[in-house]
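2 protein chains.
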Amino acid sequence: MEDLMDATPGTTTDTMRVLWVLAHPEPRSLTGHLRDDGVQALRDAGHEVVQSDLYAMGWDPVVTAADFGDAADDRLDVAGASERALRRGALAPDIRAEHDKLAWADTVVLQFPLWWLGVPAILKGWLDRVLVQGYAYGVRDPATGRTRRYGDGGLAGRRALAVVTVGAGTGLGPRGLHGDLAETLFPLLHGTFWYTGMQVAEPVLVLGANRLDEAGYTAAAADLRGRLLALPDGPVLPYRSQDGGDYDDRGDLHDALAPGRRGLGVHLRG
Amino acid sequence: MEDLMDATPGTTTDTMRVLWVLAHPEPRSLTGHLRDDGVQALRDAGHEVVQSDLYAMGWDPVVTAADFGDAADDRLDVAGASERALRRGALAPDIRAEHDKLAWADTVVLQFPLWWLGVPAILKGWLDRVLVQGYAYGVRDPATGRTRRYGDGGLAGRRALAVVTVGAGTGLGPRGLHGDLAETLFPLLHGTFWYTGMQVAEPVLVLGANRLDEAGYTAAAADLRGRLLALPDGPVLPYRSQDGGDYDDRGDLHDALAPGRRGLGVHLRG
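Read top to bottom, the protein sequences are chains A and B. Going left to right, the first sequence walks through residues 1 to 270 as full-length UniProt numbering numbers them. Going left to right, the second sequence walks through residues 1 to 270 as full-length UniProt numbering numbers them.
The set of hints was computed from the structure by calculation and includes no laboratory data. Quantities reported herein were computed from a predicted structural model and do not represent experimental measurements.
So the derived list for chain A, only partly shown, Cβ under 7 Å to chain B, looks like this:
(1) 118
(2) 184
(3) 191
(4) 247
(5) 250
(6) 266
Only some residues are given here: those of chain B computed to face chain A with a beta carbon under 10 Å:
(7) 55
(8) 187
(9) 247
For every residue, glycine included, the Cβ atom is placed at its ideal position computed from N, Cα and C.
Looking at chain A on its own, in the form it has when it is part of the complex:
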């Protein structure tokens, strides 16, 4: 696991294959313009980009039995039905299309405005519907029988970057009243990216997005471009892996690590 954590995916090839997932209803928004600039910067540098512009696609975010074709039981068990549908190739075509993009990509960018401290519903429903059991998570290692997760999983070998526009400009730090943004994003960064085996790049945060002037936009776009192009060697969050020996059989961090501490910060090494 240490090898995987310290690996720098992408350095074995000069070209990144980026799946860029955007969740904003207005392409002429700050978020939309940053997407345009970011995608252009990647392409100018020779990288390949495929987009899932969820609003433009009319993406349906609601998990229903129709996702699973004839693999859905009369009494719907979402996780079980999704895995059976995956095995039978019976997942809905729009889900399979996203799987094809993920199979191609070595880099996944999720770009969104922060709504209620989380992703917009249309993007939550991309996670809910696309990252099904047996595909992104709940994948067993045939050698050990262990379920691969947290640093390993169905999306291992990829890196993930969140690009987040945030209305508030202050109160987002370690003692800020909106909650430490590094921790409020934990469900996405640790509970989703890391859980499914992806390396988690330090997120790109555009704060004060509601009041950004032209100079502010220019700076934010330059920062984004720099971070994107540096992705193969850029900073990743040093989350602890499940199989690195840091957790006991019940999934609790051993007492000797981060001794006396509690809360989401204990899952970062060092």
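We have chain A already, so just place chain B on it with the hints.
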């Protein structure tokens, strides 16, 4: 603010008016059965319950310009357009119907299975579309000009309860590898319930929901019934209010409070 925080809404009347919002695709699931039992227990005790069963309603979770009628600009600014539509009475009828329910309710229950450490997309889109600017948040106090939030806001005077079914049974504590559930729920409990002025009841958590046997279900349902009926006097999370003097002008907690600590836990008093 201290008065508000220590108030026990509901004690002035014997009858609760409960809006119960459910987000699960299968009514015969564990989650669905718990809803049935919980609603029945409330009604048996003389409380009134109105439901928003989002799957049964075919709730559309995606924010679009159509939500805002003629108040949407050509270039959509979601927050501004939603507030203008609110003022004009031009919000989409399905949003206004939820506002009517919220106007009636003194208690809001959100019940859902935890997917990717958060609410299912259909429920995220209930928050995104219903809790618009000028209604749930961004409401100014005419006397002080301050924006009412965190312990005050458009939904003040109500209490909110999250009822969460969680597949995992372990690893959810203060040092658990899934992240401390008390903190991973922060975007909903603090960033949404508390932000909009609601008192936040200690959430009802049903852990190990994937493997619950009949005795486990019986215990979980009894716990839920007890918690529901005790809501008027039950435990609320002692979050710090914005206007209680705990935060400085930039929104950071004063150094003298929770000295030396950082992370989401600092926003709880005591």
